[in-house]
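Undergrad: Between the sequences and the hints, there should be enough to build the whole structure, so can you do that?
Here the protein sequences line up with chains V and U, keeping their order. Residue numbering for the first sequence follows our numbering, starting at 1 and increasing by one per position. Residue numbering for the second sequence follows our numbering, starting at 1001 and increasing by one per position.
What the hints contain is simulated information worked out from the structure, not anything from laboratory work. Just to be clear, a hint being listed does not mean it is correct.
Said to hold, decoys possible - From the derived model, a few chain V residues whose C-beta atoms are all more than 12 Å from chain U: (1) 186; (2) 265; (3) 290; (4) 296; (5) 345; (6) 384.
As the list claims (entries may be wrong) - No farther apart than 27 Å at their CA atoms in a straight line, the calculated lysine-lysine pairs in the DSS-like style are these: (7) V/144 / V/377; (8) U/1047 / V/297; (9) V/377 / U/1047.
Keep in mind it's a predicted model, so treat the numbers as computed, not measured. Each residue gets a CB set at the ideal place from its N, CA and C atoms; glycine is no exception.
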Amino acid sequence: MGATEPQWVLMATGRSPTNIAVIKYWGKRDEALILPVNDSISVTLDPDHLSATTTVAASPSFPSDRMWLNGKEIALSGGRFQSCLREIRKRARDVEDEKKGIKIKKEDWEKLHVHIASYNNFPTAAGLASSAAGLACLVFTLGKLMNVNEDYGELSSIARQGSGSACRSIYGGFVKWCMGKNDDGSDSMAVQLVDESHWDDLVIIIAVVSSKQKETSSTSGMRDTVETSPLLQYRAQTVVPSRILKMEDAIKNRDFESFARLTCADSNQFHAVCLDTSPPIFYMNDTSHRIISLVEKWNHSEGTPQVAYTFDAGPNAVLIARNRKTATLLLQRLLYTFPPQENDLDSYMLGDKSILSDAGLQSIADVEALPAPPEMKAPNQKFKGDVSYFICSRPGAGPKVLTDESHALIDSATGLAKGV
Amino acid sequence: RSPPSSLPPPPRNSRLNSMATEAQAQWVLTATGRSPTNIAVIKYWGKRDEALILPVNDSISVTLDPDHLSATTTVAASPAFPSDRMWLNGKEIALSGGRFQSCLREIRKRARDVEDEKRGIKIKKEDWEKLHVHIASYNNFPTAAGLASSAAGFACLVFTLGKLMNVNEDYGELSSIARQGSGSACRSIYGGFVKWCMGKSDDGSDSMAVQLVDESHWDDLVIIIAVVSSKQKETSSTSGMRDTVETSPLLQYRAQTVVPGRILKMEEAIKNRDFESFARLTCADSNQFHAVCLDTSPPIFYMNDTSHRIISLVEKWNHSEGTPQVAYTFDAGPNAVLIARNRKTAALLLQRLLYCFPPQENNLDRCV
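TA: The structure is reproduced here in structure tokens:
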């Protein structure tokens, strides 16, 4: 107990998924509290494929709060981090680790500083909502460390103040972020609609599109839209509310046709209000448009939608297929149109790589041998190199604690991020 | 800039005897006209009546100088013609479509007596029903360039037929008839800045264009069009706007709530030569038009990455100057129509455009 007391480092490690909105969040009614102008609905992606892992450590020997993201130290001074830290600390309770002889009382947490190390298993530059995963993970893991009461609604509300869409990454499956009515945002949080097993036929393929442009940040972009787009309030007040109800029904009933129509329409309307902004915001590019055309043509020729598409604040396509069989047919069409630049098929598909062999694609030769899809009219154009790579995933679970110390990103002896 | 004009009739044939029936049966009466195209700055997109081509909102356009972009049409009538025929840019085309038939019918209704004393041709009002016409039209700009060739073409057809058949020159009526050929054609009946009033009547009798100001009112403006290479076949305006009306939740809100306010502000801006307001409204309305296209099911993309780069170039320059130098607007295709406040500004714009888009090269990095 004696000389070793100030040396202790208490740690917790958690892993959180990212999520993709199918009814979009775009526009705040309160910038500071991050309160949206409409509800949104998302699907949580399988954290085995895309996730943030965060270790938080507390120790009396830490002179200040510090954070490392993907191995690089970053500033914690921003309002969003401070909000999350403050709100979790408010709710901290007594913690006792008998084995290590650590006893922390509720009021001690105020004086204890934390070290945070976080790592995304997907590239930040890929525009795949890393802040949603990261901030949800931070809040969840800090909550575990500080023994915060496991009220997921409250955790969601706190994560919201870090990054709006992070509040939806507190749950798995399909999630709705209720916009709330209160000015203080106390009722603005996410709820789970259904868990990840409800509709587990769905297969998700993400096309990471090569982008040379620096994207307009979501935060400033949506603020410009609220301030300058005449169409935005109409969308938020008149269009989205009924889409939310229809989408909830579609998800509950596993009605893929309705799900797909709503998903595509809402993605397009989100991009429409971006275009209606002054100055206009273009997130999709010609490659994004080609992917949409590919899907629209196929859906039309089959008579009923096979695949839904949705795009966030960037050119990447998130494609949702009704089942694995459809996903393989989709993949054949995608690889026909967007063959890999390099002769390396293995690095062209991340996540669930087995989808490649399910689609009969073991080698570049198989890709080159793909026949033209019947619904495509001549001439069939190919766009090699327009897609950097694909990720195959599925709806997945919410945040989890990782108990195995080998997953910890902080060295329990030094209290510093590993490998820095 | 100038309104459609008619050229004098061809020289008389000295062989003709004004009383000979044979000579009478051989005669060919012609008229030739030239009409400009126009570019909408507050857009027409969406009909409330497909057959009569009645729009869901007003629109405003600027007529382009026909010296640069125009349709030229010759119409000829003769008892020797067994049927109506038309040639467009040298190729014979069908006149069976509703739009051509509407224009021919409406002009014929209003035909009056015509007499060419020198050639001994005398046509009574009621004769026109039995006379067939041959029409040849030519655009001095490529049809595939997406530069509203049907607006120029139908306006020219209606105007020139009107001249041939001695129709009373009520430009409002001619506009209303041209509208039934192609909506935006009704605005090519005038020069300068033109407004197409959507009208209220179900029969479309009050849906026609009026001139706001003539081409000399704001003649500082310089227009530069960037014809963007497009490998895609564009969605036709007719089917595209129908899909938008049927499937876009945002379209009616645009038509009923946003456009009316913009029309009034645009009229003011034009009247006062207020370039800043003009530019902001023009860019905003172009973008909103493309926004409702994107809000359509399936979505319609007319602009491409090059169009976006041009917009970025203009937005950045306008921002750095503090006040807009250039307005941009895009129709149903990737071509950029850029309107500069004056020639000096146009020269500076051109330098920027050619820096980013030098001829025959694909040097994208230079303009991000």
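Undergrad: Hint by hint, note whether the structure agrees.
TA: We went through each hint and held it up to the structure:
{"no.": "1", "hint": "186", "in the structure": "holds, 31 Å"}
{"no.": "2", "hint": "265", "in the structure": "violated, 6 Å"}
{"no.": "3", "hint": "290", "in the structure": "violated, 9 Å"}
{"no.": "4", "hint": "296", "in the structure": "violated, 4 Å"}
{"no.": "5", "hint": "345", "in the structure": "holds, 28 Å"}
{"no.": "6", "hint": "384", "in the structure": "holds, 16 Å"}
{"no.": "7", "hint": "V/144 / V/377", "in the structure": "violated, 56 Å"}
{"no.": "8", "hint": "U/1047 / V/297", "in the structure": "holds, 26 Å"}
{"no.": "9", "hint": "V/377 / U/1047", "in the structure": "violated, 30 Å"}
Hint compliance for this structure: hints 2, 3, 4, 7, 9 are not met, and every other hint is.
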